[in-house]
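From first to last, the protein sequence lines are chains W and V. For the first sequence, the tail end lands on 322 under this note's numbering, and the numbers increase by one without skipping. For the second sequence, the tail end lands on 1356 under this note's numbering, and the numbers increase by one without skipping.
If you are wondering where the hints come from, they were derived from the structure by calculation, not from laboratory data. Among the hints, erroneous ones may be present.
From the structure, some residues in chain V lie toward chain W, with a derived Cβ separation under 10 Å [stated by the list, open to error]: (1) LYS1004; (2) GLY1025; (3) GLY1030.
Computed beta-carbon distance windows for the label pairs [to be verified]: (4) V:LEU1027 / W:LEU96: 20 to 30 Å; (5) W:ALA245 / V:LYS1145: 36 to 46 Å; (6) V:LEU1123 / W:ILE12: 27 to 37 Å; (7) V:CYS1020 / W:ASN276: 13 to 23 Å.
All C-beta atoms, glycine included, are put in the ideal place defined by N, C-alpha and C.
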Amino acid sequence: MAIESAAGSGLIQKTDFLFSFCREKQPGEGEDSIAYALNECRAMLAVFDGCGGSGAGRYPGLKGKTGAYLAARAACAAWMDWFETLGPAGEPDQELLRQRLMDYLRRCEENGGEDSGSKLLGSMSRRLPTTAAVALCSPGRSGIDVTLQWAGDSRIYLLDGEGLAQLTEDDLGGLDAMQNLSADAPLTNAISLSRDFSIHSARLTMGRPGLLFAATDGCYGYFSTPMEFEHLLLSTLQSAPNIRAWEQSLADAIGKAAGDDYSISGAAFSFGSFDNVKRQLARRCDVVYRTYIYGLESCSREEKQQLWEHYKPHYERLLCRP
Amino acid sequence: MFCKYCGKAIDEGTMRCRICGRPVGPLEGGNGFWDLKEERKAPAPAAAPAPAPAAEKQSAPAPDPVPVPPPPASAEAIPTAAAASPADNKAIRELRSQVKKLQEQVRELTPQKRGALIGGAILLALLALALGVFVLFQLRTLNGKVQELELQLARNQAAIEAVGQASAQPGQPAGTLPEEQSGTESKWQGFDQLDGIRLFSRQDLFDGPNKGKDDPRGQSIKMGLPDNGYEETPIFTARYLGPAGTYRYYWVKVEANDATLETYFTPLKEEDGYSFRVPDASDSSKTFVLSISGEVKQEHLGRYAFVAEDTQTQSAYVSAIVELYDRSEQGAAVSRAEGSAAGDSRGQESGAGNGN
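Next up, chain W with everything else stripped away, as it sits in the complex:
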């Protein structure tokens, strides 16, 4: 009874706005997929990034689309399908999710025809590979309860008055966010048909107003430091007259740096208005600029590393490891 009461307190009322974009680096070649859904009891914010390297094989039965393209969209549909089965309260059924996911992937393969051949062979090759980063939100007793589900290097972030926090650790063998920017490490875990995979799960509670969003690696992976991604989020926010303008200017700004498809699916919770979002994050924007961004261009690699070491504990304050 108590759970029902908590769940019925209205997530829509606590949600200020949704924001999302899914941009292709090469028109017609995009392999990202996004999903968002919000109702009175739950919200889902999700991104999926089809792995172009290992999933480059094309499926003639599905209009010659790549395995990466199909996998990202199949996973997206599976999650949406699964989300619709969730009741107002209770634990999400992870096993059902896995079944749906495998079902979609198998049907893709069954109807896609013969994989026309990935350039990668051996242990690197995967059938229908994709990453996933999904945040499930529901109203809780002391804020908004968030269940994180992820596989691969798509991430879920929280941006609040304390700054940007990466919530999910990449499946890259323990590399931190800074190392990930320079090392081209292979994924140690991703959703696919050919290998066993894990969908990591973790939980946290948002006790204060914040922006929660899932992002593919195209968003964060083309800066020289993780701090620049936070500053980009904040500075575009501060200069945006409205939510829509922020959404577009953020996507445009990321696009200037990105060398890959880039997608975000997110929501703002408990701020009360867009002006409040800007107001509550204005100080953080100033701090990030003065502390990390000002003069960053002229910093050496070692100096950037020092800045990162200073920034890292705060950035990883909520990091959930598998």
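Starting from the structure of chain W, add chain V where the hints point.
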């Protein structure tokens, strides 16, 4: 939820923002492989899923569903009476006859009649618009009068408070005000004591959220008024000697003859408009020009304040007061400047042709 465009709250379940009219984003969307999902749910299990339609590849969320309007009523749309009761039949017949009448009326409408109808409708709309404008104008005038009366009331209250304060704190120097005075007007009491010049509170000067700050700064004033007074353009300049910061400045007429506040003396010669930045206190000798373009008229006479507003704190500093008055007995207009800062004794006066 809030509108992505205007930021106003959106009523649940609405398709468009009631404030700005823009479409409300859907609460669900994405670009998953929906057609595969459809195939999976279809009864024929062997059917292959159709490839992703082009729309799936679009990055933008799906557009809002457009509500389909009901089909227009017509005689053909009325159901047949085959299975209806006698009462229903009668109703249907009546409806049919009404529809026929309407159709005949429409057919009878000549182009002239239609034109007249359309013209009448346009005329009515124009009349309604004119009425609306008239009402708005009246409301605005009324509002101005109310503000004028409020201003007068505020002045009277301030004068009463000034007298009371002066008697309560005889040692209080002009231009420095006690911190704990209550009320907006009392914040400006120090200026009231200055040569009889009254300043309105900042709340009156600018309708901002913060009240004025009783922290006038040192200043010096140069003024120039040509010999022929009214016929050419008088120019006043003020030099700001306050602390470093970024300020917005105004020349404000503080006591116009018609008791209204006007800001038609705007700074015209600053490249960056109204704002200026004082990087440090030692480099604050920026001059600001108040110029009166064109012929000086009676309505221009009065006192003007140079107000620098700190853009961070929105505190306003009044740093100069100049006056343009009619020296009719001497045959020319005269400008006069008065130092308004605490203890500043550089108030100057100049006669015609005496630029300082």
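To see whether the hints hold, each was checked on the structure:
1. LYS1004: holds (4 Å)
2. GLY1025: Because about 6 Å separates V:GLY1025 from the closest Cβ in chain W, which is inside the 10 Å limit, the hint holds.
3. GLY1030: holds (3 Å)
4. V:LEU1027 / W:LEU96: 20 to 30 Å: holds (23 Å)
5. W:ALA245 / V:LYS1145: 36 to 46 Å: holds (40 Å)
6. V:LEU1123 / W:ILE12: 27 to 37 Å: violated (47 Å)
7. V:CYS1020 / W:ASN276: 13 to 23 Å: holds (19 Å)
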